[in-house]
Every structure is written in C-alpha cells, then in structure tokens.
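Keeping their order, the protein sequence lines are chains A and B. Following my numbering, the residues of the first sequence are numbered contiguously, the last one being 936. Following my numbering, the residues of the second sequence are numbered contiguously, the last one being 936.
Keep in mind that the hints were calculated from the coordinates and are not lab data. There's no promise every hint is true.
Copies of the same chain look alike in the list, so a pair counts if it works inside one copy or between any two.
[Claimed, not checked] Okay, derived cross-link-like pairs now, PhoX-like style, lysine-lysine, Cα gap no bigger than 25 Å in a straight line:
#1 K917 x K706
#2 K744 x K768
#3 K917 x K906
#4 K744 x K915
#5 K906 x K875
#6 K817 x K888
#7 K917 x K817
#8 K915 x K888
#9 K888 x K773
#10 K875 x K888
#11 K847 x K875
#12 K915 x K894
#13 K875 x K808
#14 K894 x K808
#15 K906 x K769
#16 K917 x K796
#17 K917 x K935
#18 K744 x K875
#19 K744 x K773
#20 K875 x K894
#21 K808 x K888
#22 K917 x K744
#23 K769 x K847
#24 K935 x K906
Letter by letter, the chains look like this.
Protein chains: 2
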Amino acid sequence: MYRAAKRFLNTFKRKSNTDKRLITAIETIVGSKPLNLYLYRLATLHSSVANVDNRGYKESNERLEYLGDAILGAAIADYLFKKYPFKDEGFLTEIRSRIVNRESLNTLGKRIGLDSIIQYDKNHSSKLSHKSLYGDTLEALVGAVYLDRGFSFCKSFIIEKLIIPYFDIQNIVESDVNFKSKLIEWAQKENHSIEFEIIHIKTEGRHKEFTAEVTVSEEKKGQGYGFSKKKAEQDAAKKTLQLLGLIEKE
Amino acid sequence: MYRAAKRFLNTFKRKSNTDKRLITAIETIVGSKPLNLYLYRLATLHSSVANVDNRGYKESNERLEYLGDAILGAAIADYLFKKYPFKDEGFLTEIRSRIVNRESLNTLGKRIGLDSIIQYDKNHSSKLSHKSLYGDTLEALVGAVYLDRGFSFCKSFIIEKLIIPYFDIQNIVESDVNFKSKLIEWAQKENHSIEFEIIHIKTEGRHKEFTAEVTVSEEKKGQGYGFSKKKAEQDAAKKTLQLLGLIEKE
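With the rest of the complex left out, here is chain A (with noise of 0.2 Å):
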C-alpha cells in the first residue's frame, strides 16, 4: 500500500516536472499560458510512445495534427489574401504550398524548439519515419492552440509568432522554382529524352487555355495547364516531377 502510494506520488512529481517546462515551454512558443494543458501534452505526444485506451483507441498527436494542418491552410491563406490584394489564386496558392510544406515545417518546428518538449520513442524510431517529426508536431501544436483559445487568437499566433518572424515572404515571393529546367536537368542526369509539346488549346472568351504533355523516353508524363504556353508547359514538369517521385505532391 505504501509502495503503490510512493509510486503514485512520484508519477504525480514527474509528470509535474514535466508539465511545467511544458507550461514554459508553451508560454515562450505561443505567448500565453495554456489554458488547457491537456491538450498540449497531447500535441506533443508522437505515436511511438501513446497508450492505448480501454476501448483500443491510441492517445497521441495524430488527430490534433489533421485539424492543426487544415487551420494552419485557413491561416496563411487569409494572410496571402489580405496582403496581395492583387494578385491571382495561382500566385496565391503557389506562395502557400511554399511555406507550408513538409520541410519548411519540419524546420520551423525545430527553430522554435519543439525538439524539447516532444515526447517520442528515442529507441525504436528509424530517422526516415522521424523526418517529419518536428513539421507534424507543430501541426499538432497549432490544432491545440485552436482548440484552446479559437480561430482568431490561432491565426495571430501562426501569423505573428511563426510566419512573419521566420519567413521572408518577399524572398519566397521572388524565388521562381522553375520546374521545367529542373526536369531537363533530371532527364539529362539520367539520359532520358524528353519533349514538351502543346498538345490542345482552348479558346475560352477572351482567353486561351493550353495543355502541355511531357514526354520523357518515348512515354507519355504529366499534363498541365495554363493561360500561356509557358505556365502548362511548367505544370506538366510539375506534374512530371511528381509522378516521377522527385518532388512532393501538394
């Protein structure tokens, strides 16, 4: 009885102990205290070391990184849209898979120290599965600030305390990823031929719409589209590049 006592206890201390360099942790993250610890904890609790529950279910940040990831989009899209007032939904669209990507992520999750609160096997984890670790956990860490202290309190916060100190949206804005050369340079590296051609155009009021197809060795690749030659011819090397594996699809 004494024992159990003791082992209660010091459950209580340690997890004491940990929750308050969570508290301070948070405090200096976010800006304000947790008002719901809970759900903090939870945000920082990887998949390798959550309990399952009586009724089979798994506790860990999965679920508040699925709601932290569709809030973080809302976010920076009514960001994007109030600071370009002028600018297209392509340009717009294109900015914010910019900054919210897995590696941008995964490396601002580090930045604001997220390697000291999460709490993750250290043992049996390979580091291809952890590659995301930090970008998921800050995912999860915004779900919990939105559930904590709602929408407009969690869009200040993505806003002042996570984009605007470390991205330079100006420099994002200017760096023109060019995928057309970058999949000419693959298929040089791997002596594939490859051929852009504008395979249909639409005549759309004012408009044209064209359809670029990539052919790389004989085959026929991605397709994409666009109000110039230019921007479809660029969309199937997106495209090209995904279907082929060398960039991430969105």
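Add chain B to chain A, keeping to what the hints say.
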C-alpha cells in the same frame, strides 16, 4: 448630357435589381443579410464575365474561391474532429475528402440555388470548363461569408446550412470505397493483368508498416502504405487509379 445621365441611372437601376435579388438569395442561403454586399457580388462573378481594371487586375471570384476552399477545409476538419473523438486522422481525412470534393461541392452549389445568382458568360463557355462552376462559386461564397462575418459565423454557416442539411454523414462513413475491387474491375474490362504485392514491411516499435505495389500488365504502377496489408493494398490501388486518371487526385 441628359442621355448620359439616363444611361447612368439605368445602370444604377439594373445593378440595384441584381443586387436586390442577390441580397434575398444570400439571406436565404446564409441565413443573414450581407453586411458588405461587395463581397457577395464578387463571389458570384465568374472570371468569364470579369472586367480587367486599370491596373490590369481582373476581378472575379477566383481569389475568394481560394480563400473559401481553405476555410471550408478548416471548418469541416473541426466538425469531424469533434464529432468523432475516437477516430484516427486517416478516418477524418477520408471522410472530409468524401464531403469536400469537386463533384459533391458542385452538386451542393446547385442544390442551394447558386445557379440563380452566378454571373457567367453563357455564350462562350463550354460545358467542360463549367463542370465545377457551382462548386467553385460555393467556395467563393464561403470566402465571402468568412470575410464578411468572421470565422465563427462562417463555420456555423458551413455546418448548419451546408453540411448537416445536405450530407448524410453516417451514410458517407458507412459507404466503403473499395479501390482494390474498382481497379480489378477496370483491369478485367480492359484486358490488363493485375498484381498486388507487399514489397516492404517496416517494423516500427509495436507496429508494422506495409508497402504494397500494384503491377498492371507487367508495368509497375502505384505504391501504397498502411498499417495492415489490406490498407496498404487499398492505398496502392487508389494511387494507381489516380495515376491512370480513373479517379481524381485529392
């Protein structure tokens, strides 16, 4: 001078009638009158009839569509997260994509009566390019409601006025899309041989992650992942269907 004035007044009158109809429609669909009517005018303005302003900037509903798409995703993520507290993120992602896809949004757009308020070029537009006219406008409307009334109102609008009345979520959850049998069906019809193979098993702590690969007529197609062989095969079948253009990419 008199003519110019008359023309001006006619323009005003015409606009005013269109606006009146728009206000009534928005009140019916959203449940409240617009605060900023401009947003709703823009949301219902298809690019086929959009004017280019002095700066060369074309004003249509496409930017609002981009914003609305993100807000819709966030609102439904939140709704499903809370509705299914013990379901994993794979389930939540799947159900959301069954609710929010081009086809279902398009049907929904028609059902709530967007056809009566969308302004588009009825002469110069092929059917093809308008297969998502209503769905796109619906997203733009969500964007307008969000900017006009804020996230919380917009979320309620989405859930109470769009999702609950028009989607049978229980039915959506229970309908199991079987990609594997869909793919096998297709292969038989098209006289292709088809093979499913587990090509990799990764042991991750207490879990195993399977990688399945589909081969169609000796040609390697989609690879899929899952925590069971069945799930990996379903995923590989789905990706193959996407590669073959038989189902849409998410």
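Exercise for the section: Classify it for me, K906 with K769: is the Cα-Cα distance of at most 25 Å met within a copy, between copies, both or neither? Expected result: neither (39 Å within a copy, 44 Å between copies)
Practice task
Have a look at K744 and K773 and pick one of within, between, both or neither, based on CA distance no larger than 25 Å.
Solution key: between (44 Å within a copy, 9 Å between copies)
Handout entry: Identical-chain pair category, K915 with K894, by Cα at 25 Å
Key = within (9 Å within a copy, 46 Å between copies)
Exercise for the section: First find the shortest C-alpha distance between K808 and K888 inside one copy, then the shortest across copies, and answer within, between, both or neither for a cut-off of 25 Å. Expected result: For K808 and K888, only the inter-copy Cα distance (16 Å) is at most 25 Å; the intra-copy one is 55 Å.
Exercise for the section: Measure nothing new, just compare the shortest in-copy and cross-copy C-alpha distances for K875 and K888 to 25 Å and report within, between, both or neither. Expected result: Neither: 34 Å inside a copy, 31 Å across copies.
Practice task
Go through the copies and call it for K917 and K935: within, between, both or neither, with a Cα cutoff of 25 Å.
Solution key: both (18 Å within a copy, 20 Å between copies)
Exercise for the section: Tell me, please, which holds for K917 and K906 at an alpha-carbon limit of 25 Å: within, between, both or neither? Expected result: Within one copy only: 19 Å inside, 29 Å across.
Exercise for the section: Pop the pair K875 and K894 into one bin, within, between, both or neither, using alpha-carbon distances up to 25 Å. Expected result: Neither way: K875 and K894 sit 34 Å apart in one copy and 36 Å across, limit 25 Å.
Exercise for the section: Tell me, please, which holds for K817 and K888 at an alpha-carbon limit of 25 Å: within, between, both or neither? Expected result: between (42 Å within a copy, 15 Å between copies)
Exercise for the section: First find the shortest C-alpha distance between K917 and K744 inside one copy, then the shortest across copies, and answer within, between, both or neither for a cut-off of 25 Å. Expected result: between (45 Å within a copy, 18 Å between copies)
Practice task
Tell me, please, which holds for K888 and K773 at an alpha-carbon limit of 25 Å: within, between, both or neither?
Solution key: For K888 and K773, only the intra-copy Cα distance (24 Å) is at most 25 Å; the inter-copy one is 45 Å.
Problem - Within, between, both or neither, where K744 and K875 count as close if Cα-Cα is 25 Å or less - result: This pair counts as neither: shortest intra-copy Cα distance 46 Å, inter-copy 41 Å.
Violated hints, in rising order: 1, 10, 11, 13, 15, 16, 18, 20; the structure is consistent with all others.
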